[in-house]
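K.L.:
If you're matching them up, the sequences are chains A and B in order.
The opening residue of the first sequence carries number 1 in the working numbering; numbering runs sequentially from there.
The opening residue of the second sequence carries number 301 in the working numbering; numbering runs sequentially from there.
Among these hints, one or two may not hold up.
Covered by chain B, per the in silico footprint, the following chain A stretches (three or more residues, Cβ under 8 angstroms) [claimed, not checked]:
hint, segment
1, 164-173
2, 183-197
Selected chain B positions facing chain A (Cβ under 10 angstroms, derived; list incomplete) [stated by the list, open to error]:
hint, residue
3, T354
4, A377
5, P385
6, E393
7, E398
8, A404
Just so you know, these hints were derived from the structure itself, not from any lab.
Beta carbons are placed, not taken as given, at the ideal position from N, Cα and C, and that holds for glycine.
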Amino acid sequence: MLLAIDWTQLAQQTVIGLSAGGLWALLALAIVLIYRSTGVINFAQGEMAMFSTFIAWSLINHGLSYWEAFFLTLAISFAGGIAIERVVIRPVERAPVLTIVIVTLGLFFVVDGAARWIWSSETRTLPNAFSTRPITIAGVAFSIQDLGNIAVSLGVVALLALLFRFTKVGLALRATAGNPEESRLLGIRVSWMLALGWGLAAAMGAVSGMLTAPALASFDQNLMQPVLLYALAGAVLGGLESPFGAVVGSLLLGVFVNLTGTYVDWIGTDLRVPVAFAVILGVLLVKPTGLFGRPSARRV
Amino acid sequence: MPESLLELEGVEARYGPVKALHGVSLTVAEGEIVAVLGANGAGKTTTLRAISGTVGRSGAIRFAGNSIAGRSPESVARLGIAHVPEGRGTLSELSVAENLRLGAYVRRDRVGIREDERRVLGRFPWLDDRRGQRAGTLSGGEQQMLALARALMLRPRLMLLDEPSLGLAPTAVAEIFRIVRDLNEREGLSVLVVEQNAIIALEAASRAYVLEAGRVAVEGGSDELRRNESVRRSYLGY
Numbered sequence: 001m002l003l004a005i006d007w008t009q010l011a012q013q014t015v016i017g018l019s020a021g022g023l024w025a026l027l028a029l030a031i032v033l034i035y036r037s038t039g040v041i042n043f044a045q046g047e048m049a050m051f052s053t054f055i056a057w058s059l060i061n062h063g064l065s066y067w068e069a070f071f072l073t074l075a076i077s078f079a080g081g082i083a084i085e086r087v088v089i090r091p092v093e094r095a096p097v098l099t100i101v102i103v104t105l106g107l108f109f110v111v112d113g114a115a116r117w118i119w120s121s122e123t124r125t126l127p128n129a130f131s132t133r134p135i136t137i138a139g140v141a142f143s144i145q146d147l148g149n150i151a152v153s154l155g156v157v158a159l160l161a162l163l164f165r166f167t168k169v170g171l172a173l174r175a176t177a178g179n180p181e182e183s184r185l186l187g188i189r190v191s192w193m194l195a196l197g198w199g200l201a202a203a204m205g206a207v208s209g210m211l212t213a214p215a216l217a218s219f220d221q222n223l224m225q226p227v228l229l230y231a232l233a234g235a236v237l238g239g240l241e242s243p244f245g246a247v248v249g250s251l252l253l254g255v256f257v258n259l260t261g262t263y264v265d266w267i268g269t270d271l272r273v274p275v276a277f278a279v280i281l282g283v284l285l286v287k288p289t290g291l292f293g294r295p296s297a298r299r300v
Numbered sequence: 301m302p303e304s305l306l307e308l309e310g311v312e313a314r315y316g317p318v319k320a321l322h323g324v325s326l327t328v329a330e331g332e333i334v335a336v337l338g339a340n341g342a343g344k345t346t347t348l349r350a351i352s353g354t355v356g357r358s359g360a361i362r363f364a365g366n367s368i369a370g371r372s373p374e375s376v377a378r379l380g381i382a383h384v385p386e387g388r389g390t391l392s393e394l395s396v397a398e399n400l401r402l403g404a405y406v407r408r409d410r411v412g413i414r415e416d417e418r419r420v421l422g423r424f425p426w427l428d429d430r431r432g433q434r435a436g437t438l439s440g441g442e443q444q445m446l447a448l449a450r451a452l453m454l455r456p457r458l459m460l461l462d463e464p465s466l467g468l469a470p471t472a473v474a475e476i477f478r479i480v481r482d483l484n485e486r487e488g489l490s491v492l493v494v495e496q497n498a499i500i501a502l503e504a505a506s507r508a509y510v511l512e513a514g515r516v517a518v519e520g521g522s523d524e525l526r527r528n529e530s531v532r533r534s535y536l537g538y
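Hey, can you work out the whole structure from these sequences and the hints?
P.N.:
Shown next, in the form of structure tokens:
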């Protein structure tokens, strides 16, 4: 059966999906970054991002513009991520993986509780990062906000890729993630590299949070919990070991969730999340390492 | 006897509750190749790990006259001690070129690093053709050579070589020891090499220590050890 496809709607819905997926991708990337270096999923990543978003809200409330607050929050989050690693994770650095997982769960509640204590549980709003006007490209109207979200997400991903690929510290970060013992023998301060990874992850989460909040009518301390779920799903879909996979997985998931919700009547808005997760489950049954994960190549 | 570059005195080391070294003493002079021999579990690898700080240790360890017994692996490396761990010690996910760059990670002298890279690639020309290849996809012998090349990028004052022959074909083993001897003769590189293959190790080294159960059982010049009845029977097999 041939369907008459409404290309305008398809393009619009795809961009909306990419916009959401891009913000999930940033959090997914943060999760993968820490997973690669410690073998642990940081369950507090979303709450840390939420905390950063509240910091941005406070800064804006004190008279800063959105983008001034954005960059200041990035710096604060980076430093905060490093501090959290030094204070909370360092003592359990050599502990079994399960111990560290429990510590990140504890961190989830501590950060969440701290945010509720500092900012109380009423709802807030964040000003828009971009103009809310639509823009017409090739006869199709898109929201500048969606396009802006996509641009910033991909820009952050590109910056991170450049850092990892072309800088000495990026190379050291990759070496540390692959083989900490040996990296130490080369003189790399592995412990600091882990802290740096937490700083980068926190900063990426902050970007995700600060772009997620303006799109909502209002937000509270639960802001990042759905985002964390989608980010985890995107990361697992792409392969937890692969930063590239996490980004592509999250973008695919964003588009998939949005398109199925739009086009498949019986899915609608209620069922699109369970359907998305069912598809991920299907992918993992066929390819347990995710779409882009690969078992590490080693000749024996 | 020339002044010692490396000096261990009564070094003990333990893995958790298990003591692996019971007071090992040894020296390596500047420009010397010294071998550590012994059976599996005698404490050979642990001796190297005690020097580089990757195992908890006590006792005196001096490098160029300064104590390094309390130093972390990172800072031991920064003193110019290159530890090539056993079992193709390469970073398998990274490319050949990246492995080499990391070898010089602690150095700041860009000119010297580039110079050393040329020298190292002159010695291992095939590495240049494989620059972009992931280290994990090289053969065992190639990875061992890459590990050696990477260690040279530190411009080390002392190289710690752990079982370079492990799992390699005889021709690859001979090639690696040929290179180590050449480095020693031409560039004055000091080497402390741990080996199960005593025959080839004694050929390269001027002196050797035989470890048994975490202690030095026998020590002496290579020729002297080759003539030693029990060493011959236990480790040389004739």
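K.L.:
All the hints need checking, so say for each whether the structure fits it.
P.N.:
Status of the hints after comparison with the structure:
1. 164-173: holds (count 3)
2. 183-197: Answer holds; 8 residues pass the 8 angstroms Cβ test.
3. T354: 7 angstroms, holds
4. A377: This hint holds: A377(B) lies near chain A, its Cβ roughly 4 angstroms from the closest one there, short of 10 angstroms.
5. P385: Nearest chain A Cβ about 6 angstroms off; hint holds.
6. E393: Cβ of E393(B) sits 4 angstroms from chain A, so the hint holds.
7. E398: 6 angstroms, holds
8. A404: 9 angstroms, holds
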